[in-house]
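Based on these hints, arrange chain X on the given structure of chain C.
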Amino acid sequence: MFNPRLVLAAFATVVLAAACRPEPPPPAAPEPTGPTAEEIEAQRIADSIENARRLEAEALAAAQRAEREMQQRAAAARATLGEMVYFDYDESTLTSETTRTLQAKLAVLRSCPSVRLRMEGHADERGTSEYNIALGSERAQSVSEFFTGFGLDDARFSTVSYGEERPVAQGSNEAAWARNRRVEFVITTGADDLGRCQS
Amino acid sequence: MRRPTASSAWTNLHLEWPTPGGFPSRFATARTCLLFLLAAGASSPVAAQENELIPGVELGFIFEGVYVPPIAVKPLTVAGADVGLAREIEGIITRDLDYSDRFQVRDSLPPALGGEGVQYALWEQFGVDWVVTGTIETDGLGGGIAFSVELHDIVFGSLKAAATFPLPARDHPDFRLAVHSVSDALVGWVTGDRGVAATRMLFRMRAFGEENPNLTEIYVVDFDGENLRRLTWDRSTVTSPTWSPDGKRVAYSSFKADMPRIYELNLEDGQERLLVPEGHGQHDSPSYHPDGNSVAFTIVGPEPEGLFTYNIRDGCCLKYLGGGRFNDLQPNFSPDGEWLVFVSTRLRFSTPQVYLRPLAGGDDELLSPFRYGEGGFFTDPDWSPCGDRVAFAGGIGSRRQANRYHILVAKLEAGGNRLLQLTQEGNNEDPSWAPNCRHIVFTGERSYGKGVFIVDTVTGRTRVLVANVEAEDTDWSPWLAENGVVR
Chain C
11 MFNPRLVLAA
21 FATVVLAAAC
31 RPEPPPPAAP
41 EPTGPTAEEI
51 EAQRIADSIE
61 NARRLEAEAL
71 AAAQRAEREM
81 QQRAAAARAT
91 LGEMVYFDYD
101 ESTLTSETTR
111 TLQAKLAVLR
121 SCPSVRLRME
131 GHADERGTSE
141 YNIALGSERA
151 QSVSEFFTGF
161 GLDDARFSTV
171 SYGEERPVAQ
181 GSNEAAWARN
191 RRVEFVITTG
201 ADDLGRCQS
Chain X
225 MRRPTASSAW
235 TNLHLEWPTP
245 GGFPSRFATA
255 RTCLLFLLAA
265 GASSPVAAQE
275 NELIPGVELG
285 FIFEGVYVPP
295 IAVKPLTVAG
305 ADVGLAREIE
315 GIITRDLDYS
325 DRFQVRDSLP
335 PALGGEGVQY
345 ALWEQFGVDW
355 VVTGTIETDG
365 LGGGIAFSVE
375 LHDIVFGSLK
385 AAATFPLPAR
395 DHPDFRLAVH
405 SVSDALVGWV
415 TGDRGVAATR
425 MLFRMRAFGE
435 ENPNLTEIYV
445 VDFDGENLRR
455 LTWDRSTVTS
465 PTWSPDGKRV
475 AYSSFKADMP
485 RIYELNLEDG
495 QERLLVPEGH
505 GQHDSPSYHP
515 DGNSVAFTIV
525 GPEPEGLFTY
535 NIRDGCCLKY
545 LGGGRFNDLQ
555 PNFSPDGEWL
565 VFVSTRLRFS
575 TPQVYLRPLA
585 GGDDELLSPF
595 RYGEGGFFTD
605 PDWSPCGDRV
615 AFAGGIGSRR
625 QANRYHILVA
635 KLEAGGNRLL
645 QLTQEGNNED
655 PSWAPNCRHI
665 VFTGERSYGK
675 GVFIVDTVTG
685 RTRVLVANVE
695 AEDTDWSPWL
705 AENGVVR
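Protein chains in written order, with the numbering used here: chain C, 11 to 209; chain X, 225 to 711.
Excised from the complex, chain C in its bound form (with noise of 0.2 Å):
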């Protein structure tokens, strides 16, 4: 019932008189509905501000992000340089605790030349005024003779004693005394290139 070579022939027809058709006439040129020329060059124009305002946008969050890290960085590395240490009764030689805090800012004045210090030696109230600033003097010169034995330069470093005359803890227990035998750290110099130091 179904003969391919019928099919066939009726394609054939219809392909030739397809074929026979005159061509028809070109369709006239459609009237411009889109935007103009001089809106396409607002776009453009436009485009091209908040691209450069994304950049900017970016690159300011870069550099905020960057400044962020920087003083983050700056600020770690106060902390590690200003934390005091603390010392025994009546002794100007370090301890283990004292020394693991004074490795931490060694690791921070290595990578920051810039930096210096002033190392402040106090005592607590027990002795008098005068031997207790000779005592304060030792503490600041063991803490400033343990950076310069690691090989920094002496010149970034100034002691001073206060004896017992600036205690931070008021009190005539342990518990004071312990807080007010201490070498307190003054950045003396170079405290704006703390963030582009090792913290």
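What the hints contain is simulated information worked out from the structure, not anything from laboratory work.
Note that the Cβ used here is the ideal one computed from N, Cα and C, for glycine as well.
Take every hint as true, because none was put in to throw you off.
Some but not every residue of chain X turned toward chain C, in silico, with C-beta under 10 Å:
no. : residue
1   : G505
2   : V524
3   : E529
4   : Q554
5   : T569
6   : S574
7   : Y629
Chain X alone, transformed into the frame defined by chain C:
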């Protein structure tokens, strides 16, 4: 010889000193009462907290059993002057005579003794050995005062001495100092040794009214505790004040710049100068050479540290006296300028000791009672103006035994120094000799509080100079006035 009275046989004077209140101290029962009165009074040692004695040191005073004569000041006669002025001068002199520790001052005089002249028989009945009379004149003196004083010897019934002293007007800043110098002359007439009322004491303490509790400034106060004044306004830590030999300048160390430096304040014009502009480290504890041309002081910090001198007349010639790794601290010149007494930690850091150093060369001599194994903590040396004694503070035991120091006096004698302990209670530091080589001012702590005290090394009598202050670093001035004339 002076007539012995019932009250003359004091053997242990620091315990049985009669009060200045004029009690009939010749009665034994009254004397017992006096002990209780003394215990309650602010100007005498209060009930001992915990007596302690440093091993190897004698307890005691330099002399014992001295006779202390009774004296009275008769109300002054007023010629053209107001009575208030007379009462003020009487009050100053009476208290000075008491504080001289040379007299029992009798007041509450019976009316019978108040008439014209001096009736020796009546005064003898009243039981005094000496009577002071005087007249004040202000007319035609341009505001100044002529003060005529007589000293009567009641025992011999005669006038012992008399003089007229010029005094500045009552509202003049030198008025009280000039009156004190008249008291000193009176003490000299009786004892041969001039009194020390015309002097002042320096010390440092937390400044009144300043918010920061850790800052100390220099204060000065008169011999009788009056006229307390602040001298520095550094708003910093100002330490170790010391008088120049002429009493016109004060040197001290101040933290007001980055590093502590030694400054000098001229008391006449109020000008301050950096006294030692050279040298590294921090500068502390200045002491004037007796000739006033140089200072000895301590440098603490990077080596070299230790004792230094500096020529302050020419502003030159920083000289290192040596020190080394240990700390040499608190130098003080002998009155002939040939020795220093100082503190050193050379034996071991934790046990500072007092040493003498001959400046012409030679070995240092250990003065404090160091005992091997006990160490001790000795500090704050001050050489007596007479040269034969050194006062210092300290105690056996380590620095750990906080706030337990006593005043010690070393008598410098060939073939061995003798050590005397002057205080037995509380905490006692920073001694400084009076120009009479007899009294010592020091800072102390008692059960009733902290303050500045004066002790008489002869009788042991102690009084409060400034109460309720946390003072340090006292220094007693030279004489600032003589015979009514202020230097």
